[in-house]
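Undergrad: The residues making up each chain are set out below.
Protein chains: 2
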Amino acid sequence: MLASPLDYSQLVERALRRVVHDALEVVALQGLPGRHHLYITFRTDHPGVVLDDGLRARYPAEMTVVLQHEFWGLEVAPDRFEVTLSFGGQPQRVEVPFAAIRVFADPSVEFGLQFTVPDGPGEGAGAGAGEKQAGPPASVAQLP
Amino acid sequence: MLASPLDYSQLVERALRRVVHDALEVVALQGLPGRHHLYITFRTDHPGVVLDDGLRARYPAEMTVVLQHEFWGLEVAPDRFEVTLSFGGQPQRVEVPFAAIRVFADPSVEFGLQFTVPDGPGEGAGAGAGEKQAGPPASVAQLP
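Quick note, the sequences are listed as chains A and B, same order.
If you're matching positions, the first sequence starts at 1 in the numbering used here and goes up one per residue.
If you're matching positions, the second sequence starts at 145 in the numbering used here and goes up one per residue.
The hints are simulated quantities; they were obtained by calculation from the structure and are not laboratory data.
Don't be surprised by glycine CBs; every beta carbon is placed ideally from N, CA and C.
A couple of the hints might just be wrong.
Listed next, the stretches of chain A that the computed footprint assigns to chain B, with coverage defined by at least 3 CB atoms under 8 Å from CB atoms of chain B [as the list claims (entries may be wrong)]:
(1) 58-69
(2) 84-97
(3) 101-113
Only part of the chain B face toward chain A is listed, based on derived beta-carbon distances under 8 Å [as the list claims (entries may be wrong)]:
(4) P149
(5) V170
(6) R179
(7) H181
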């Protein structure tokens, strides 16, 4: 729901989440073209995130996954994606609603998107590989 | 179609056109909230634009319409909107595909979006109330 009927920052943020969906759909269908690789930082405590118990304990608030060499079975639905990744040599399936994503980046072309995600109920100290930070509303950023 | 499978500027532009759709849908359902008012600049020579012959002759390339006081019957479809506006006291129906829109602005909150639209076949000298300019890829701008 929008806070105000014409809250453009929310409309833009919602629209830009579509870019993540569309990019992942390309990768699901065609694989990663050229040197593209994707960093996705998401709130692990967001409703709908499906994660192995061990990973959840290790990353109670946020984690970053990388789609580059070791990922399998990427499936993209309108509101979420799922993929199998290797964690310490162990394949693990993760399922992430697009609404849980805080950062999407493709360093190969210096493209990045940052989203606001409300803190979940299980807000704790831990964070994944990504830096934890309070982001501005959705922004299209040039990465350094 | 995307030029390259992961062309983010095209993915972002496509996603941001969704903001125009969503904002117009709010206005169609609830009217213009508060002091909001909308300027929409579109290519009149884009396929799918439906316009009175007189207006088309006057604005062969581009025109800007304002949704503020005098507009009626705004209808929003997934790929286009139509609305009745007053031109010199005469009501005229116009129908505009979202793909034809070059600029969308709501000056009340200093919000603006600019899109790239390929020049149509009937490219001429005339332009509507909006300035004609070669825009960068879709951008979210703070208006002056």
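Undergrad: Now, for every hint given, state plainly whether the structure supports it.
TA: These are the hints, each one checked on the structure:
1. 58-69: violated (count 0)
2. 84-97: Answer violated; 0 residues pass the 8 Å Cβ test.
3. 101-113: Our answer is that it holds, as 3 residues pass the Cβ test (under 8 Å) against chain B, meeting three.
4. P149: holds (5 Å)
5. V170: Result: holds, 5 Å to nearest chain A Cβ.
6. R179: With Cβ-Cβ at 10 Å, over 8 Å, it is violated.
7. H181: violated (11 Å)
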